[in-house]
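Number of protein chains: 2
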Amino acid sequence: MSSVSKYQLKIVPLKANNNLLMKRITLLILMLTLCYACKESKSENSSTKDSETELKGETPEFAIVIHGGAGTILKKNMTPEKEAAYNAVLEEAIRTGYDILKNGGTSLDAVTKTINVMEDSPLFNAGKGSVFTNAETNELDASIMDGQTLNAGASAGTTTVRNPIDLARAVMDNSPHVMLSGKGAETFAQEHGLDLVAPDYFYTENRFNSLKRAKDQEKIELDHDDQQASFYDPEIKNFKYGTVGCAALDKNGNLAAGTSTGGMTNKRWGRIGDAPIIGSGTYANNETCAVSSTGWGEYFIRAQVAHDISAMIEYKGVSLAEAAYEVIHNKMGKLGGTGGIVAVDKNGEMVFEFNTEGMYRASMNDQGDIKVEIYEKQ
Amino acid sequence: MSSVSKYQLKIVPLKANNNLLMKRITLLILMLTLCYACKESKSENSSTKDSETELKGETPEFAIVIHGGAGTILKKNMTPEKEAAYNAVLEEAIRTGYDILKNGGTSLDAVTKTINVMEDSPLFNAGKGSVFTNAETNELDASIMDGQTLNAGASAGTTTVRNPIDLARAVMDNSPHVMLSGKGAETFAQEHGLDLVAPDYFYTENRFNSLKRAKDQEKIELDHDDQQASFYDPEIKNFKYGTVGCAALDKNGNLAAGTSTGGMTNKRWGRIGDAPIIGSGTYANNETCAVSSTGWGEYFIRAQVAHDISAMIEYKGVSLAEAAYEVIHNKMGKLGGTGGIVAVDKNGEMVFEFNTEGMYRASMNDQGDIKVEIYEKQ
Numbered sequence: 002m003s004s005v006s007k008y009q010l011k012i013v014p015l016k017a018n019n020n021l022l023m024k025r026i027t028l029l030i031l032m033l034t035l036c037y038a039c040k041e042s043k044s045e046n047s048s049t050k051d052s053e054t055e056l057k058g059e060t061p062e063f064a065i066v067i068h069g070g071a072g073t074i075l076k077k078n079m080t081p082e083k084e085a086a087y088n089a090v091l092e093e094a095i096r097t098g099y100d101i102l103k104n105g106g107t108s109l110d111a112v113t114k115t116i117n118v119m120e121d122s123p124l125f126n127a128g129k130g131s132v133f134t135n136a137e138t139n140e141l142d143a144s145i146m147d148g149q150t151l152n153a154g155a156s157a158g159t160t161t162v163r164n165p166i167d168l169a170r171a172v173m174d175n176s177p178h179v180m181l182s183g184k185g186a187e188t189f190a191q192e193h194g195l196d197l198v199a200p201d202y203f204y205t206e207n208r209f210n211s212l213k214r215a216k217d218q219e220k221i222e223l224d225h226d227d228q229q230a231s232f233y234d235p236e237i238k239n240f241k242y243g244t245v246g247c248a249a250l251d252k253n254g255n256l257a258a259g260t261s262t263g264g265m266t267n268k269r270w271g272r273i274g275d276a277p278i279i280g281s282g283t284y285a286n287n288e289t290c291a292v293s294s295t296g297w298g299e300y301f302i303r304a305q306v307a308h309d310i311s312a313m314i315e316y317k318g319v320s321l322a323e324a325a326y327e328v329i330h331n332k333m334g335k336l337g338g339t340g341g342i343v344a345v346d347k348n349g350e351m352v353f354e355f356n357t358e359g360m361y362r363a364s365m366n367d368q369g370d371i372k373v374e375i376y377e378k379q
Numbered sequence: 002m003s004s005v006s007k008y009q010l011k012i013v014p015l016k017a018n019n020n021l022l023m024k025r026i027t028l029l030i031l032m033l034t035l036c037y038a039c040k041e042s043k044s045e046n047s048s049t050k051d052s053e054t055e056l057k058g059e060t061p062e063f064a065i066v067i068h069g070g071a072g073t074i075l076k077k078n079m080t081p082e083k084e085a086a087y088n089a090v091l092e093e094a095i096r097t098g099y100d101i102l103k104n105g106g107t108s109l110d111a112v113t114k115t116i117n118v119m120e121d122s123p124l125f126n127a128g129k130g131s132v133f134t135n136a137e138t139n140e141l142d143a144s145i146m147d148g149q150t151l152n153a154g155a156s157a158g159t160t161t162v163r164n165p166i167d168l169a170r171a172v173m174d175n176s177p178h179v180m181l182s183g184k185g186a187e188t189f190a191q192e193h194g195l196d197l198v199a200p201d202y203f204y205t206e207n208r209f210n211s212l213k214r215a216k217d218q219e220k221i222e223l224d225h226d227d228q229q230a231s232f233y234d235p236e237i238k239n240f241k242y243g244t245v246g247c248a249a250l251d252k253n254g255n256l257a258a259g260t261s262t263g264g265m266t267n268k269r270w271g272r273i274g275d276a277p278i279i280g281s282g283t284y285a286n287n288e289t290c291a292v293s294s295t296g297w298g299e300y301f302i303r304a305q306v307a308h309d310i311s312a313m314i315e316y317k318g319v320s321l322a323e324a325a326y327e328v329i330h331n332k333m334g335k336l337g338g339t340g341g342i343v344a345v346d347k348n349g350e351m352v353f354e355f356n357t358e359g360m361y362r363a364s365m366n367d368q369g370d371i372k373v374e375i376y377e378k379q
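Chains as they are written, first to last, in the numbering used here: chain A, 2 to 379; chain B, 2 to 379.
Keep in mind that the hints are not guaranteed to be accurate.
Which copy is meant is left open, so a pair is good if it fits within one copy or across any two.
Unchecked claim - Computed cross-link-like contacts, DSS-like style, restricted to lysine-lysine with a CA-CA straight-line distance of at most 27 Å: (1) K332 <-> K252; (2) K332 <-> K347; (3) K252 <-> K335; (4) K220 <-> K184; (5) K213 <-> K76; (6) K317 <-> K335.
None of these hints come from the bench; they were simulated from the model.
Could you put the whole structure together from the sequences, leaning on the hints where they help?
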C-alpha cells in the first residue's frame with residue numbers, strides 16, 4: 002500500500018502545455034508496458050514451474066535423452082552388479098548418440114543408433130531381451146519420427162527383424178507408408194536388406210521365466226476372477242510394459258524421437274501397444290519437442306501422451322517441463338496409467354517425467370555432461 | 002484523440018479525500034476491466050470465424066454426423082442411379098443412429114450401428130465392399146473411442162470379421178487392450194461371439210477390378226520409375242483411401258467416434274493406415290469433440306488429425322469449425338495429404354471439412370433436420 006499512499010491516478014482536464022502532455026503520454030505508455038510485462042512474466046512463471054525432473058542447461062547446440070523402460074524399479078530389489086550393468090549400457094547407448102550429434106550427425110541417426118545399442122542388449126525389453134507373448138513368441142514393435150518433415154515410420158508384430166527401429170526408419174525413408182505390420186513388414190525388411198535373424202535370436206532365459214510366472218499368476222487370477230492381479234508382481238510388471246526410446250536435437254535444430262519394444266509379457270490376440278503408434282509412443286516436431294514414451298501402452302494411447310505434450314506447448318505456450326508434468330501426472334496418470342517419457346524441446350531443454358518408482362534413463366548435453374539414473378530419487 | 006484532448010492521466014500526491022479516492026480506484030478498476038474485456042473479445046472473434054462447412058443449430062440435445070469416404074468424387078463421373086444409391090445408404094445409416102439417439106441411446110451405440118449399415122453396403126470401402134490388397138485379400142481395420150471415459154478399441158488387418166467396428170467395440174468393452182491385430186484379433190473376435198464370415202464374403206467385382214487396374218497401373222509406373230502415378234487414376238484414387246465413419250453426441254452429453262475401412266487398394270507389407278489409429282483416424286473426448294477421419298492415411302497419422310483438432314479446441318480455445326479448417330487445410334493439407342473429417346463438439350456443433358473434390362457425408366440434428374451431400378459444392 003506504500004505507493005498508493007503516496008500517489009494516485011487522476012483524470013484532469015487537459016491544459017495547453019505540450020511538454021507536460023508529452024511527459025504524461027510517455028508515462029501512460031510506460032504504465033501500459035509495465036502492465037503487459039507483468040502479464041507476460043506471470044505466464045512465464047507458470048510455464049517455467051520448477052520441476053525436479055527438468056535438466057537445466059544454457060541453450061545447447063544439441064542434446065540427447067534416452068530411456069530403457071519405466072516400472073516398479075526399487076533399489077532394494079537391485080544388486081550392485083545388475084545396477085552397474087544397466088548403467089553401463091545406458092551410458093554406452095547415450096554416448097553413441099552423443100558422438101553422432103557432436104560430429105554434426107542428424108538427430109535421426111543419433112536416435113536410431115542409440116536405440117540399436119539398447120535393442121542389442123538383453124537387459125532391455127526391445128530387440129534381444131524382448132518379452133514373450135502368450136504363444137511363446139517374441140513380437141516386436143517400433144516407431145520413429147522426424148521433427149523436420151513430420152515424416153514417420155513404424156512396424157508392429159515382427160519376429161525376425163533384429164533391430165525393429167531400423168525397420169521403422171526404412172519404412173519412413175523408403176516407402177510411402179507410415180506403419181507396416183506382421184509378415185508383410187518382414188517381407189519389406191527383407192526387400193530392403195535389413196538384418197534378419199531366426200526367431201530364437203530373441204530368446205532369453207530371464208524373459209521366458211517371466212512368461213512362465215505370468216502364466217502361473219494368470220491361472221491364480223482367473224481362479225480369483227481378478228484379471229488385474231499380475232500387475233502386482235513387480236518382476237512381471239517391470240517387463241510387462243518396458244521399452245527403450247530416445248529423443249534428440251541436432252546442431253541443425255532438427256528434432257527426432259524413436260521407440261522400440263517387445264511389448265508386454267504374455268500378450269495375446271496380436272495386441273499392439275503405444276510404442277509403434279505415432280502420437281502415443283513417439284512424436285517429434287521441430288516447432289515443439291521430441292518425445293518417446295514407456296509404460297502401460299493402453300493408457301498412453303488413450304491419453305495421446307507424446308502428441309499431447311507437443312500440442313500443449315504449441316497451443317498453450319507452456320514449457321516442455323510443464324506440459325510433460327501435466328500429461329504424465331494429471332492426464333495419463335489420472336486415467337490410471339503408469340509410465341513415463343523422455344523428451345527434448347527445440348531449445349535443447351531435456352525432461353524425464355514418470356509416475357513410477359523408477360525409469361532407466363540418461364541424458365547428455367553439448368558440453369558432454371552426462372546423467373545416468375534409475376530410481377525416482379537418486 | 003478526442004478523449005486525449007479532453008482528459009489525461011496524472012499522478013498526483015494523495016490527498017485525504019476518501020470519497021474521491023474510492024471514485025478514482027473504481028475508475029481504475031473499470032479501465033482495467035475494459036482492457037481485459039477488449040482482449041477477451043479479440044480472442045473470441047478469432048475463434049468464431051465463420052466456416053462454410055459449419056452446420057448451424059441451436060444447442061441441440063443430440064447430433065450425429067457421418068462420412069462414407071473422401072476423394073475425387075465429381076458429379077460429371079456419377080450417374081443419377083449411383084448418386085441415388087449412395088444417398089439412400091447414407092440416409093439409412095444416419096437415420097439408424099438418429100433413432101438410437103432420439104430414444105435416449107448412447108453415442109457409442111449410435112456410432113456402432115450407423116457404421117454397421119455402411120459396412121454392410123458394398124458401396125463403401127469398409128466391411129462388404131472393402132478394397133483388395135496386393136495379395137488379393139481384404140484386410141480390414143477399425144477403431145472406436147468413448148469421449149466420456151477416453152476408453153478406446155481398435156483392430157487391424159482382420160479378414161474374417163464381418164463388422165470390424167463391432168470388433169473394435171468388443172476390444173474396448175471386453176479387454177484390457179486398445180488395439181489388436183491380425184489372426185490374434187480374429188481369435189479374440191471368435192472368443193467374443195462376433196459374426197465371422199469366410200474371407201470371400203468381402204469379394205465384390207467392382208473392387209477386384211480396381212485392384213487389377215491398380216496393378217496394371219503399377220507396372221506402367223515401375224516402367225516410368227514414378228511410383229505416385231496411380232494417384233492420378235480417379236477411380237483408383239477414390240477407393241485408395243476411402244473409409245466410413247461416424248461421430249455423435251447423445252442426450253447425456255457423451256461424445257463418441259468410430260471409423261472402419263478396407264484400407265487402400267493394392268496395399269502390401271501389412272500396411273496399417275490411420276483408421277485404426279486412435280488420435281489419427283478416430284478421437285473423442287467429452288471436453289472437446291468427436292472426430293472421424295477419411296483420406297490418405299499416412300498424412301492423417303503424421304498430422305495427428307483427429308487429436309490435433311481436439312487439442313486445438315482444448316488448449317487454444319478455438320471453435321470446432323476453426324480447428325477442423327486449420328488442421329485439414331493448413332496442417333495435414335500443407336504436408337501434401339488429402340481427405341477430410343466429420344466431427345461434432347460437446348455443444349452439438351457439427352462440421353464437415355475436407356480438401357478433396359467430394360466426401361460422402363450426412364448429418365442430423367435433434368430436430369430431425371437431415372443433410373445428405375456428396376460433392377464439394379452441392
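Structure-based check of each hint:
1. Within a single copy, K332 and K252 get their C-alpha atoms only as close as 33 Å, which misses the 27 Å cut-off; across copies the closest is 26 Å, which meets it.
2. In this assembly of identical chains, K332 and K347 lie within 27 Å of each other by CA distance both inside one copy and across copies; the values are 23 Å within and 19 Å between.
3. Taking the shortest Cα distances, K252 and K335 sit within 27 Å of each other only across copies (26 Å), while inside one copy they are farther apart (37 Å).
4. For a Cα distance limit of 27 Å, the shortest separation of K220 from K184 across copies, 24 Å, qualifies, whereas the shortest one inside one copy, 31 Å, does not.
5. For a Cα distance limit of 27 Å, the shortest separation of K213 from K76 inside one copy, 25 Å, qualifies, whereas the shortest one across copies, 61 Å, does not.
6. Taking the shortest Cα distances, K317 and K335 sit within 27 Å of each other both inside one copy (20 Å) and across copies (22 Å).
Hint violations for this structure: none, all hints satisfied.
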